[in-house]
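Please arrange chains B, C, D, E and F on chain A, whose structure you already have, making use of the hints.
There are 6 protein chains.
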Amino acid sequence: MKSFLYPKLNPPSFTWVRPDEGAEVAKVHDWIQPLSASSDPEKSKDADFVVVGVPLSRSSISASGASEFPEAFRRAWKGFTTYNLDEDIDLSEMTAVDVGDVPMHVTDIMRCHDNIIAASTALHQHFETSKVCAIGGDHSITAMMVKGLHQARPDEKIGILQFDTHFDLRDMTDNGPSNGTPMRNLIESGIVEGSHMYNIGLHGFFNTKDLKKYADEQGVNYFTLRETRKTGIKETVGACLEELAAKVDTIYLTVDMDVLDIAYAPGVPASTPGGMTTAELLEGVLVAAKHPKVKAMDIVCLDPLKDTFAQPTVKLGTHVFLTFLAGVMLR
Amino acid sequence: MKSFLYPKLNPPSFTWVRPDEGAEVAKVHDWIQPLSASSDPEKSKDADFVVVGVPLSRSSISASGASEFPEAFRRAWKGFTTYNLDEDIDLSEMTAVDVGDVPMHVTDIMRCHDNIIAASTALHQHFETSKVCAIGGDHSITAMMVKGLHQARPDEKIGILQFDTHFDLRDMTDNGPSNGTPMRNLIESGIVEGSHMYNIGLHGFFNTKDLKKYADEQGVNYFTLRETRKTGIKETVGACLEELAAKVDTIYLTVDMDVLDIAYAPGVPASTPGGMTTAELLEGVLVAAKHPKVKAMDIVCLDPLKDTFAQPTVKLGTHVFLTFLAGVMLR
Amino acid sequence: MKSFLYPKLNPPSFTWVRPDEGAEVAKVHDWIQPLSASSDPEKSKDADFVVVGVPLSRSSISASGASEFPEAFRRAWKGFTTYNLDEDIDLSEMTAVDVGDVPMHVTDIMRCHDNIIAASTALHQHFETSKVCAIGGDHSITAMMVKGLHQARPDEKIGILQFDTHFDLRDMTDNGPSNGTPMRNLIESGIVEGSHMYNIGLHGFFNTKDLKKYADEQGVNYFTLRETRKTGIKETVGACLEELAAKVDTIYLTVDMDVLDIAYAPGVPASTPGGMTTAELLEGVLVAAKHPKVKAMDIVCLDPLKDTFAQPTVKLGTHVFLTFLAGVMLR
Amino acid sequence: MKSFLYPKLNPPSFTWVRPDEGAEVAKVHDWIQPLSASSDPEKSKDADFVVVGVPLSRSSISASGASEFPEAFRRAWKGFTTYNLDEDIDLSEMTAVDVGDVPMHVTDIMRCHDNIIAASTALHQHFETSKVCAIGGDHSITAMMVKGLHQARPDEKIGILQFDTHFDLRDMTDNGPSNGTPMRNLIESGIVEGSHMYNIGLHGFFNTKDLKKYADEQGVNYFTLRETRKTGIKETVGACLEELAAKVDTIYLTVDMDVLDIAYAPGVPASTPGGMTTAELLEGVLVAAKHPKVKAMDIVCLDPLKDTFAQPTVKLGTHVFLTFLAGVMLR
Amino acid sequence: MKSFLYPKLNPPSFTWVRPDEGAEVAKVHDWIQPLSASSDPEKSKDADFVVVGVPLSRSSISASGASEFPEAFRRAWKGFTTYNLDEDIDLSEMTAVDVGDVPMHVTDIMRCHDNIIAASTALHQHFETSKVCAIGGDHSITAMMVKGLHQARPDEKIGILQFDTHFDLRDMTDNGPSNGTPMRNLIESGIVEGSHMYNIGLHGFFNTKDLKKYADEQGVNYFTLRETRKTGIKETVGACLEELAAKVDTIYLTVDMDVLDIAYAPGVPASTPGGMTTAELLEGVLVAAKHPKVKAMDIVCLDPLKDTFAQPTVKLGTHVFLTFLAGVMLR
Amino acid sequence: MKSFLYPKLNPPSFTWVRPDEGAEVAKVHDWIQPLSASSDPEKSKDADFVVVGVPLSRSSISASGASEFPEAFRRAWKGFTTYNLDEDIDLSEMTAVDVGDVPMHVTDIMRCHDNIIAASTALHQHFETSKVCAIGGDHSITAMMVKGLHQARPDEKIGILQFDTHFDLRDMTDNGPSNGTPMRNLIESGIVEGSHMYNIGLHGFFNTKDLKKYADEQGVNYFTLRETRKTGIKETVGACLEELAAKVDTIYLTVDMDVLDIAYAPGVPASTPGGMTTAELLEGVLVAAKHPKVKAMDIVCLDPLKDTFAQPTVKLGTHVFLTFLAGVMLR
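Protein chains in written order, with the working numbering: chain A, 1 to 331; chain B, 1 to 331; chain C, 1 to 331; chain D, 1 to 331; chain E, 1 to 331; chain F, 1 to 331.
By construction, these hints were calculated from the structure, which means they are not laboratory data.
Do not rely on the hints blindly, as some may be mistaken.
Identical chains blur together in the list; that is why a pair holds if it fits in one copy or across any two.
[Unchecked claim] Below 30 Å or equal to it, Euclidean Cα-Cα: the simulated DSSO-like pairs (lysine-lysine) are:
# : residue 1 : residue 2
1 : LYS230    : LYS8
2 : LYS8      : LYS293
3 : LYS78     : LYS247
4 : LYS157    : LYS290
5 : LYS234    : LYS209
This one's a predicted model, so the numbers in the text were calculated from it and none came from an experiment.
In isolation and in its complexed conformation, chain A is listed as follows (with noise of 0.2 Å):
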């Protein structure tokens, strides 16, 4: 059992050193403990968060950098402590461990794409109680852990709560599982209904008509920024999954980070305006992640090769992912 994450998956390109056994932990690259090819796996079965990297966007449809996103976010780590003030909860009464990198292929898509769903498959099936948050990578990405959390886990029911500017419903007979087809690639599988998908925060003058039928005649759910700011994001969130529970076993929280503003994250391949604002995305993640039925979830769609210099967009990801382990810590 020991190598079954090897070869299968790279380590992280480098690990921070960490504080001699015994001192204070402080920030979170103090803390997230890497998973090499020596540790004993068995040990971590436990862990409460497994972090992978999923680093692909050669499958995106406009040029993207998202590939860069897993090493960027790791090195953001040393911004952050594991102490969040705003809930008084320390992370670090919490374990991670980072599995490393699915690995990929320079020229054949569909075997990175079979990589992924592989590795989503085995780290399902080994860490079977812990929270597996996928760091994108393209959207298309998102079809493929999916795909991956299904076969691991066969009998469960699998619901999707998603933050996106866009539907992602794209017809795949074009260009095949692009990063604009992972909802519909999931509905035409058959692993998700498209009744069992909650969308929040499209907005604008980025989907077409075609598309919106498309998700009316699969029962998708959704509800624009507007109808949301309405109702409020908390509550709004909170109404899917109440629905979303009634209804599946396991829900999967995908973050496409392009539903935020340009002002926000321009460091995303297609930022927009008219898009969410940082505090109302972190209390939409806060509240999905107290859900007892959120059992992975990724973040996708971030370029940092797009970045501004002080790199928003780098921090905003890496907070929406430490406001999810807040989140399932407060549960």
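Same frame as chain A, but now just chains B, C, D, E and F:
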């Protein structure tokens, strides 16, 4: 009549390659029709919208590249669909023509201004029922567009709804009709009365006491951003429109992009902290556009050369335009 | 007494060319008077405001160019008028002097700190009724400015109102009086009691549990941004001031620019997502400035070298300063 | 025959508005003719130059936006005249057609490569005497363009002149035909012999010993930048061409923009210090273009998304193209 | 005579605080003396150098912020000492005065041009033996500065030495005296003969055949960068000066910063690849400055708003100015 | 002996994940071995190279982020192979260890300097034959590294070869041992004689007459960039080394990155136009490194926070380091 547009207007410097006859129109650049010299203008006479570029910013007090916005604006169409999910409407059910740019002279600014007046007159005469959307350029163009509207329809009483950080009521005796003067220009030329002007969004330390005094003397109506937020943006704009509509025949909407907070719109010549959010401006424009007396509009003082890499300001300016169209469609 | 300023203070590196005697004062740089060695300090003794630059950031934990803010701040004056439209008041009816910068030593930080204490003492002694505005520099200067205030007026009990993402209560035994320590420094030196400190705006994963524990032990009052938003920024600040005023004679206001969200203030050494908006901070500062016991303030940790091209942070820092002045004028 | 281009090639996404029939052609964008579906391809058969965009960079090892270069390249035409003062020649005396872009698939890279081969074959068959200029895209496209040339003219022996920092001789068994492999790809497919390859400009710590060994085994000719500078760039290129011309029928020129020093070309995926200057590359390209056996060329690995604001790399890539044309005209 | 400067010239917007009488002058900003309205102009009559800002760029064909250079230039003084190590000379042994800026009108470009002519005339009359250094602004100012020189000294025959990528010989009938026309302006006004113009550094695809023809017809002398490099920059400039000196009384040196390669000078309105290096331009300017007949100079088309963060172009423009001064001192 | 490094040195903040035992070493980050607390230092005693980070820049006169270079430098390793094609040598045949960073104090600069001296002494004692490469940090560290070398080997006479734009001979009485003083510091402390210092690359207006006078009095040898170019960089460095070698036992090489032209190295605290090209500096460093008496070196004043997006300066600094290693290998 055929040549009414030429040589008075220059064609856009480039045209998007359009989808084949009958193919689906998905993006804005597939939809808006360039009106070339060889087109039959009679056919487009009933267009719902007319877009005209007004690439003049050498009349700006501070160094401005707002002359580059018409081209940047046309480039940005590619990033927007014609379908608006919030309202479930598709702009492609309406018609829009792009008549190109008002020709400018490099060293004779008066001639530029005269060209704008002439173009505005011609457009308002030819496109009798269309909404004319002028893409600036600096704010001096507003006085010229309104003068042209007045020449085309001398019997209509014109009012102005303005989103701006500034009064734009500077004295013209010092430096001529610069971008600091359009409202005073219109008052002094007798075309628009001060009391028919409504300015929303002023704030901070960006106006002088003298200008305030002049505004009060002329009966100009203005609402600071703080007041607007207390009342609500929707309510404030609604009340202004109601008052205006009781007094005038035609309302001209002018959006100075510097009304926005610098975090949302870095690409303006004099960006300031403390301004509107994107959500506020878009809501205000939508409300305004729904009013049946609003017949023309402009977007000014957007300098693409000062924008950051992800082009938040160019995208937002384009979104303001599309939101205006959506509002008109919802009438 | 005439030379009290020199050689203890350096003149600003440059001076704006002022309008002729009698000419209209329109912009901030026309108004604030530099106090040169040849000026008669007695004449300016009753100035409403005293501006002093404190260009020290080599005491910052992370690499910081906050030492460049005093010069950038003076440059930015040119972009602001003295007239505030929201309140219909004109700062030029009050008087403000710029006494220049506290001299710094390149390699002896203790001497820098001593110079700040000495300058603060001298300023508070000389300008008895003026509000002293210190333009940092990193947050270590706050402890020194307050120590100087204490030396000048040893009988006054001092309280602190702080806008900050952090506690700034780190232990000084490790790394001396760095920018992470000013509040602890003041507590340990017995100048300000923990219970006389009110910190507003803390959030996220940017403090440690130990610091929270220390804050609690010392009775430091703090309000996370989330709590503040629930109560209202105005209400929170108002309540803090009321409590403080009941306990102390003098309130010192310190604004750490990192309290702002990274989207609004990229130009700080440790910018974070999830912080205050510009509107919130300006409202908080205005409320604070109106309180009669607030007699001094500073703006710290603004690094112009990390700002984006349009200088949003430098402009916002300057706006915070002007808002403070407006608040005082409204008393 | 009329539709030979479609649907195999996509038209450029936009077209410049051309001067009227008979008007002076001054700028490059006035001159190069887009070949649309409705054009008569027979008429353009004898064009001196054929431009084809090859917007593929998902086959790049590191994250690359080189797929954006064809569009950026066409935009940049506007900044260049057709007249070259150094040589007193005017390109407008020759003819150039823009046949659009090779269509790409989002998730099937093999299909992209096949499309490039097919397009190259078709172009070389149709435009028998034209020089075909491929605008990449990453370096993987070179192998495909050459394969197409080979299919169109199987009897011609092909040699390659390469400007590059790298060998591009990586093993394809690991990651398929990525941008690190084109030269090996051509050797292994038997289309170009190693000894018919001449690579100029390699330098520094950017290749491995293994690749050098393979190059030596295959008889690949290469000249480090240091050697080239000693001999002279003109002399080195001249000598290579002479040798090559004695061995092959057709010479294909490939310019990898990463051969340039990072100070001159920041907009490449793997920019390096110590590379060529602009003057050196332009001189080398001019010499190469004058040789009668050079019949096709490409420009690859130029990533406009990594360029600085003034677009030095995009402009330089365009200049390389025009210099090639000038050289051909001087034959 | 005392008020000759006012109101015709505006003082610089700010002045550096100067070292005390007798203190060491180390930096350029300690040395150059601003000439204020209250100064006695008679005292500065014999200054070796006169600096005048000419902040006009609304006459530029493309959007230009060159109007911001005079202020950026004065700011940059602080980064340079007066001592030149290469030549072991100290500029502070000479005298330089800063007379401020030519006043500009916002919307009347002709009046701006008239003001420049008037200012140039006045300066050349008053400062009979000084070298007048005009800091542009765009290239249209050169024609005006030379016209002023001609009016001041109508009997002197004037020649021009120009470093430029362009001829600047465009026809004025289309767009008036823009930045593309100064040389033609001077030829057509009969002030400078074509054969008394020497232009060094032209290159690439940035001029038209028509302009070349006009240059030839008028006998304008020009040397492409390639020719210049073959001969040597020093030798080329030397030979030009020798020829010019035999024909004219006074030589005016004009440096268009766009003569530089974009890698060295990104901050120009139309930056191009393939231009001069910094070393070449500085060498050329030094040789020119040493010639006794060179009596005035300008630096134009430097747009600080397009510069990168480290301000390479602003610094280089300032270095060009100082190198000119050093050359004069070495005469 | 095992703990000689700790606690005096901090480990690097992160470590690259290394290839498995026996796997090919291709990139620099696969090769350089971090020497952790648990390593046996005896084993690495004979390392060819020792890398030590010296992250101090609070002693810099101007605001500097050079303290960030050691981390940026280690990150940059990933972009370089160990194989140098120009020389056909592979660094991986030698050994290099990374001993981590000298620990710094936030507010006590003297203690930082003492730590550097102590670390340098320890390293030179322990690694008797290794070349010690110090990665700064600002230039003040050079004096400390050399003092440590002197303490370790008091009998060796030390000479310095310096690449710099500045003398770095400022008086320490004003501001202590800042980055403007290291050479004077060494002269005054009697450790290195002025006549044993050779400074290459000075240029322009960046030094004062007083410093030149001091240099001459102390017999410091210096060569302006202009002189160096006339003689040839290789020849100049060669001649300096020959002279130095006749006078001293050990040569210390110090590379101040500000010797480079701003076009090549924007990421330095005081970047200047007119400096060295990349090719010149690399050639100079290679020649120096080949000399058998060169036993230690440093790279200073590289500020990654001022670099542009593509990181030209960080990459070039790393290339300088690798070139030094190659030169040593070629001895």
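Verification of the supplied hints:
1. In this assembly of identical chains, the alpha carbons of LYS230 and LYS8 never lie at most 30 Å apart, being 46 Å within a copy and 47 Å across copies at closest.
2. In this homomeric assembly, LYS8 and LYS293 come within 30 Å of each other (Cα to Cα) only inside a single copy, at 28 Å, whereas the closest approach across copies is 49 Å.
3. For the homomeric pair LYS78 and LYS247, neither the shortest alpha-carbon distance inside one copy (40 Å) nor that between copies (39 Å) is at most 30 Å.
4. Taking the closest pair of Cα atoms, LYS157 and LYS290 come within 30 Å of each other only inside a single copy of the chain (19 Å); across copies the shortest separation is 45 Å, beyond that limit.
5. Taking identical chains as interchangeable, the C-alpha atoms of LYS234 and LYS209 lie at most 30 Å apart whether they share a chain (28 Å) or sit on different chains (27 Å).
Hints 1, 3 from the earlier list are contradicted by this structure; the remaining hints agree with it.
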